[in-house]
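There are 2 protein chains.
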Amino acid sequence: MAHINLPEELPGIRGPMAFRPETAKSLNELAEALLRSENSLTRGERELIATYVSSLNDCFFCQNAHGGLAQHYLQCDMAFIDNVKKDYQSTSISEKLKSLLAIAASVQKGGKNVTPSQIEKAKSLGASDREIHDTVLIAAAFCMFNRYVDGLATWAPQDRQIYIDRGPRRAEEGYINFDLYK
Amino acid sequence: MAHINLPEELPGIRGPMAFRPETAKSLNELAEALLRSENSLTRGERELIATYVSSLNDCFFCQNAHGGLAQHYLQCDMAFIDNVKKDYQSTSISEKLKSLLAIAASVQKGGKNVTPSQIEKAKSLGASDREIHDTVLIAAAFCMFNRYVDGLATWAPQDRQIYIDRGPRRAEEGYINFDLYK
Numbered sequence: 693m694a695h696i697n698l699p700e701e702l703p704g705i706r707g708p709m710a711f712r713p714e715t716a717k718s719l720n721e722l723a724e725a726l727l728r729s730e731n732s733l734t735r736g737e738r739e740l741i742a743t744y745v746s747s748l749n750d751c752f753f754c755q756n757a758h759g760g761l762a763q764h765y766l767q768c769d770m771a772f773i774d775n776v777k778k779d780y781q782s783t784s785i786s787e788k789l790k791s792l793l794a795i796a797a798s799v800q801k802g803g804k805n806v807t808p809s810q811i812e813k814a815k816s817l818g819a820s821d822r823e824i825h826d827t828v829l830i831a832a833a834f835c836m837f838n839r840y841v842d843g844l845a846t847w848a849p850q851d852r853q854i855y856i857d858r859g860p861r862r863a864e865e866g867y868i869n870f871d872l873y874k
Numbered sequence: 693m694a695h696i697n698l699p700e701e702l703p704g705i706r707g708p709m710a711f712r713p714e715t716a717k718s719l720n721e722l723a724e725a726l727l728r729s730e731n732s733l734t735r736g737e738r739e740l741i742a743t744y745v746s747s748l749n750d751c752f753f754c755q756n757a758h759g760g761l762a763q764h765y766l767q768c769d770m771a772f773i774d775n776v777k778k779d780y781q782s783t784s785i786s787e788k789l790k791s792l793l794a795i796a797a798s799v800q801k802g803g804k805n806v807t808p809s810q811i812e813k814a815k816s817l818g819a820s821d822r823e824i825h826d827t828v829l830i831a832a833a834f835c836m837f838n839r840y841v842d843g844l845a846t847w848a849p850q851d852r853q854i855y856i857d858r859g860p861r862r863a864e865e866g867y868i869n870f871d872l873y874k
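Respectively, the protein sequence lines represent chains A and B. Numbering (this note's numbering) for the first sequence: 693 to 874. Numbering (this note's numbering) for the second sequence: 693 to 874.
No lab work stands behind these hints: they were computed from the structure. Certain hints may be false.
Unchecked claim - Just a sample of chain B residues kept apart from chain A, beta carbon distances all over 12 Å, derived:
id : residue
1  : E701
2  : L766
3  : Q767
4  : K778
5  : K790
6  : A814
7  : V841
8  : P849
9  : R861
10 : R862
11 : F870
What the hints assert, rightly or not - SDA-like, lysine to any residue: derived pairs with alpha carbons at most 25 Å apart:
id : chain 1 : residue 1 : chain 2 : residue 2
12 : A       : K874      : A       : D857
13 : A       : K777      : B       : G802
14 : B       : K790      : B       : N775
15 : A       : K874      : A       : P860
16 : B       : K813      : B       : K717
17 : B       : K804      : A       : Q850
18 : A       : K717      : B       : N697
19 : B       : K804      : A       : R712
20 : B       : K790      : A       : A845
21 : A       : K815      : B       : N697
22 : A       : K801      : A       : S786
23 : B       : K801      : B       : D774
24 : B       : K804      : A       : I785
25 : B       : K717      : A       : D871
26 : A       : K801      : B       : R712
27 : B       : K717      : B       : N869
28 : A       : K804      : B       : P699
29 : A       : K874      : A       : E714
30 : B       : K804      : B       : S784
31 : A       : K804      : B       : M693
32 : B       : K815      : B       : T734
33 : B       : K801      : A       : A797
34 : A       : K717      : B       : K813
35 : B       : K874      : B       : Q767
36 : B       : K790      : B       : F772
37 : A       : K874      : A       : N720
38 : A       : K717      : B       : N869
Glycine included, C-beta positions come from ideal geometry on N, C-alpha and C.
Let the hints inform the model, and build the full structure from the sequences given.
As structure tokens, this is what we get:
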């Protein structure tokens, strides 16, 4: 049971968002700007960064909800997403994306952990200032979302297939103006 | 020097906000909704939670910028704010606020660290569900803001008096529609 009285039927972040629409609005607009708006990083790459950070924060709901979106956009299976979470260096993602995931992992530990050499490496692999900025902010934002979801002890469906099945629909609806109850 | 090319004259979060106005908009709207909008927690109490979490995350800019606001709203001096950061139990803040700071400290470590007994204690001291919700989200949001500021290696004025002097003006201007360059 959640720590406060949330709508029981809503999993994960949806409960607190229904409880407090005033803050949900800016949270969803932030997600839309970071994860879906025009960007040289694809939506799949951005959802993968979000998934990876959520896995480092051990947030079951977020890593599966965003993992479901990442595997939909990247047209891969969940085993691939799981491999990225476990050991991204061994996967076939681009070297640039690997360098951004390294930055994201440092942000997850705390902002000061990002090193000049991590930044140099990302730049040498073609990452732009804006891509580095967005990686840092996506990682930082999921340190918020994950703490919001788990700090209120929300529940989450344990069957991972549910998140995979919902991926295409969530990709279509986006983060703004979707119905929390559907 | 910051990790990416930010406007040099802007300290702390202002540099990345000027660099990327699309995300700044929702970040500022979130701060406005959480820290200034109508609430049974005073603005001073909410800025104090933000300051405390920023201090736990060792973010110099945020703990001083929001500390400057907290001491302005609470009409205390910075020594009082520093005592709250060091050992809030020994200060004269309310028992309810102490119980909310305990929840905020757990959120800072990670959402799963919030315990049912912390929540029960806060409720027994009169904290409402919404106050607990807002405490969790303020703490989570500052785990984002702090990582954003430090993850990009922004600079911050080291003279703490500057933040104290700016408190009243920042309280007046709020988090929306202010001029990043002033």
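Hints versus structure:
1. E701: holds, 17 Å
2. L766: Nearest chain A Cβ is 23 Å from B:L766, so the label holds.
3. Q767: holds, 27 Å
4. K778: holds, 20 Å
5. K790: Consistent with the label, B:K790 stays out of reach of chain A, its closest Cβ about 18 Å off (over 12 Å).
6. A814: violated, 9 Å
7. V841: violated, 6 Å
8. P849: holds, 18 Å
9. R861: Check passes; 23 Å lies beyond 12 Å.
10. R862: holds, 19 Å
11. F870: Non-interface label stands for B:F870: nearest chain A Cβ at 16 Å, farther than 12 Å.
12. A:K874 - A:D857: Judged against 25 Å, a Cα distance of about 13 Å means the pair holds.
13. A:K777 - B:G802: Satisfied, since the Cα-Cα distance of roughly 19 Å is no more than 25 Å.
14. B:K790 - B:N775: holds, 13 Å
15. A:K874 - A:P860: Holds, at about 14 Å.
16. B:K813 - B:K717: violated, 36 Å
17. B:K804 - A:Q850: holds, 17 Å
18. A:K717 - B:N697: violated, 30 Å
19. B:K804 - A:R712: holds, 21 Å
20. B:K790 - A:A845: holds, 21 Å
21. A:K815 - B:N697: Holds. A:K815 to B:N697 sits at ~12 Å (cutoff 25 Å).
22. A:K801 - A:S786: Given that 25 Å is the threshold and the Cα spacing comes to 23 Å, the pair holds.
23. B:K801 - B:D774: Given that 25 Å is the threshold and the Cα spacing comes to 20 Å, the pair holds.
24. B:K804 - A:I785: Not OK: B:K804 and A:I785 at ~31 Å, beyond 25 Å, violated.
25. B:K717 - A:D871: Holds: B:K717 and A:D871 sit about 23 Å apart, inside 25 Å.
26. A:K801 - B:R712: holds, 23 Å
27. B:K717 - B:N869: It holds: about 9 Å lies between the C-alpha atoms, which stays within 25 Å.
28. A:K804 - B:P699: The hint holds at about 20 Å.
29. A:K874 - A:E714: holds, 20 Å
30. B:K804 - B:S784: violated, 29 Å
31. A:K804 - B:M693: holds, 13 Å
32. B:K815 - B:T734: holds, 18 Å
33. B:K801 - A:A797: holds, 16 Å
34. A:K717 - B:K813: violated, 30 Å
35. B:K874 - B:Q767: holds, 24 Å
36. B:K790 - B:F772: holds, 14 Å
37. A:K874 - A:N720: Measuring from Cα to Cα gives roughly 16 Å; hence the hint holds.
38. A:K717 - B:N869: holds, 18 Å
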